[in-house]
Amino acid sequence: MPDFLLYALLSGLGVALVSGPLGALVVWRRMAYFGDTLAHSALMGVTFGLLLNINLNLAVAIGCLLLALILVALQHNRLLATDTLLGILSHSTLALGLVMVSLFTNSRIDLLGYLFGDILAAGPGDVITIWIISVLVSTLLLLLWRPLLAITVHEDLAQVEGVPVAAVRTALMLLMALVIAIAMKVVGVLLITALLIIPAAASRRLTHSPEAMALLASLLGALSVALGLGASFIWDSPAGPSIVLGATALFVLSLLRPAR
Amino acid sequence: MTEPLIKAHNLGVHRGGRAILSGADMTLERGKIVTLIGPNGAGKTTLVRCVLGLIKPDEGRLERGPGLRIGYMPQRLHIDPSLPLSVHRFLTLGGKPRVPLQEVLEMTGIAHLTEAAMTHLSGGETQRVLLARALLRAPNLLVLDEPVQGVDVGGQEALYQLINDIRRQRQCGVLLVSHDLHLVMATTDTVICLNQHVCCHGHPEHVTSDPAYLALFGESAKPLVAPYTHHHDHRHDDHGNIVELDSEDHA
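One line per chain: the protein sequences are W and E, in this order.
Going by numbering that gives the first Met the number 0, the letters in the first sequence line up with residues 0 to 259, in that order.
Going by numbering that gives the first Met the number 0, the letters in the second sequence line up with residues 0 to 250, in that order.
Since the hints were derived computationally from the structure, they do not count as laboratory data.
Predicted model only: the values in this text are computed from it and were never measured.
Even glycine gets a Cβ: it sits at the ideal position worked out from N, Cα and C.
Keep in mind that a hint or two might mislead.
Unchecked claim - Below 25 Å or equal to it, Euclidean Cα-Cα: the simulated SDA-like pairs (lysine to any residue) are:
{"#": "1", "chain 1": "E", "residue 1": "K95", "chain 2": "W", "residue 2": "R145"}
{"#": "2", "chain 1": "E", "residue 1": "K95", "chain 2": "W", "residue 2": "V71"}
{"#": "3", "chain 1": "E", "residue 1": "K31", "chain 2": "E", "residue 2": "R14"}
{"#": "4", "chain 1": "E", "residue 1": "K55", "chain 2": "W", "residue 2": "A170"}
{"#": "5", "chain 1": "E", "residue 1": "K95", "chain 2": "W", "residue 2": "L143"}
{"#": "6", "chain 1": "E", "residue 1": "K31", "chain 2": "W", "residue 2": "L143"}
{"#": "7", "chain 1": "E", "residue 1": "K95", "chain 2": "E", "residue 2": "L61"}
{"#": "8", "chain 1": "E", "residue 1": "K55", "chain 2": "W", "residue 2": "V71"}
{"#": "9", "chain 1": "E", "residue 1": "K6", "chain 2": "E", "residue 2": "D188"}
{"#": "10", "chain 1": "E", "residue 1": "K95", "chain 2": "W", "residue 2": "Q158"}
{"#": "11", "chain 1": "E", "residue 1": "K95", "chain 2": "W", "residue 2": "E210"}
{"#": "12", "chain 1": "E", "residue 1": "K55", "chain 2": "W", "residue 2": "P163"}
What the hints assert, rightly or not - If you want the footprint, here are the derived chain E segments under chain W, 3+ residues with CB under 8 Å:
{"#": "13", "stretch": "46-56"}
{"#": "14", "stretch": "70-77"}
{"#": "15", "stretch": "88-97"}
The shape of chain W in the complex, shown without the other chains (with noise of 0.2 Å):
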């Protein structure tokens, strides 16, 4: 196996493993439009990243997170609907994002590589970064594991048994917006919540408890990955768009499992 086809393999397969988990509970919280936001504004960090000069990681995470915040801010206004000011955020910074890219960079950066991802192109630092990231928020998902289900039943009642429903909520938002930053080398800014969310929705119809849909989501994952980067090898198809495209075909499979 050629060594950018291998790093590219390891990439996919860091982030499939820690999109399951997380993204069956996108799926659960209905968290969808919320991530794709969160997605949008990655562009924007990679610019700001690039015109301030540090890690473009780190970029996109900050990037993430002050978005959150300010969809926070303004939904205590409640004058328009969460998904409205959604619509409003997604968009707004993925125009920002594109219009900075080509006002302040000089075309010094590859657009089309961080709208649909450019997976073939990992070395072996994003790789190791990649990994790093997906194990510690793996492990922090499986930590926070209970409390994560029992504010996605009922938050009135979680809190009431015990658990810091703010806090939770804030490290959950948190923990997506650096899965983000790794998910946007394997495919692209444009295309993330799919990978959350697609291998989820699959492994609804094949399991019956949380734990079992998390881990199917991630093995569907790694199983999309393979799929993608096969066919964009025999065929040179765009790798990340190809990934999503398995993902969508394992999907479609598991509708033919009757629902009980």
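Using the hints provided, position chain E relative to the given structure of chain W.
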């Protein structure tokens, strides 16, 4: 007499410059059932959320007894169908049970449901599962928000009977919320009628000896679910202000 579990004094909550609860007093004691009734928007949920510690009152004082442990049964449970969750898994989401699981399952009559999916339960089954989760914490205060909602009439009576049994066996205090002005448990020790403020409160027995009540149900009728009829000495205008009633219709 032991210390009260909760003593609320003159509680008030404001939102957007409007009082949604004001001057509310309430005492919750072990082994006593207090029922909160009132129309929608009367501040029942607000008062309950204060008791639960989910919101801080803007006015007044809320004293919690030492060792207070609340078992809460929320009004509505919406679990996204995408979340595969068995009854057993749901019950253990609240942490390690302080009471043997089997004991609670038998008491609430849901032992046969443990492997069922939460999203496939009927209204009555859901309410019993919620009650079981509250009981697993070995609470000394049960807060039950509309416990019979979505339950058929026969099931409502059985559920009230169960709550009454639990109160007697465990000697816990119970705070019950109902939006139905006329459907109040006969076993309730105190009824509090709320409409932004406490309109009236008292022992339901006073009420069940009321001529209007007897006319409605007859001497022999001592139903577990008893209607609580009462008159208001005032009404509320469109802004929630109190208007004294004089010659107006008391219907």
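Against the structure, the hints come out as follows:
1. Taken as a hint, the E/K95 and W/R145 pair is honoured in the structure, with Cα atoms around 11 Å apart against an allowance of 25 Å.
2. For the proposed pair E/K95 and W/V71, the alpha carbon gap of about 33 Å is over 25 Å, so the pair is violated.
3. Annotation: proposed proximity of E/K31 to E/R14 is violated, straight-line Cα distance about 31 Å (limit 25 Å).
4. Restraint check for E/K55 and W/A170: the C-alpha separation of about 24 Å stays at or below 25 Å, so the hint holds.
5. A threshold of 25 Å between alpha carbons decides the hint, and for E/K95 with W/L143 the separation of about 15 Å falls inside it, so the pair holds.
6. Restraint check for E/K31 and W/L143: not satisfied, since their Cα atoms lie roughly 37 Å apart, outside the 25 Å limit.
7. Simply put, E/K95 and E/L61 have alpha-carbon atoms about 29 Å apart, too far for the 25 Å limit, and the pair is violated.
8. Distance check on the hinted pair: E/K55 and W/V71 sit about 20 Å apart at the alpha-carbon level, within 25 Å; holds.
9. Proximity of E/K6 to E/D188 is assessed by CA-CA distance (about 16 Å); at most 25 Å being required, the pair is judged to hold.
10. In summary, the hint linking E/K95 to W/Q158 is supported, as the alpha carbons are separated by about 16 Å, within the 25 Å threshold.
11. At roughly 18 Å between alpha-carbon atoms, E/K95 and W/E210 fall within 25 Å of each other, so this suggested pair holds.
12. A C-alpha spacing of about 16 Å is found between E/K55 and W/P163, which places the hinted pair at or below 25 Å, so the restraint holds.
13. As drawn, the stretch 46-56 of chain E meets chain W at 4 residues by the rule of a beta-carbon pair under 8 Å; at three or more, the given contact holds.
14. Coverage of the stretch 70-77 of chain E by chain W holds in this model, with 3 residues showing a Cβ closer than 8 Å to a Cβ of that chain against a need of three.
15. Under the rule that three or more residues need a Cβ within less than 8 Å of chain W, the assignment of the stretch 88-97 of chain E holds, with 5 such residues.
Comparing the model with each numbered hint stated earlier shows that hints 2, 3, 6, 7 do not hold.
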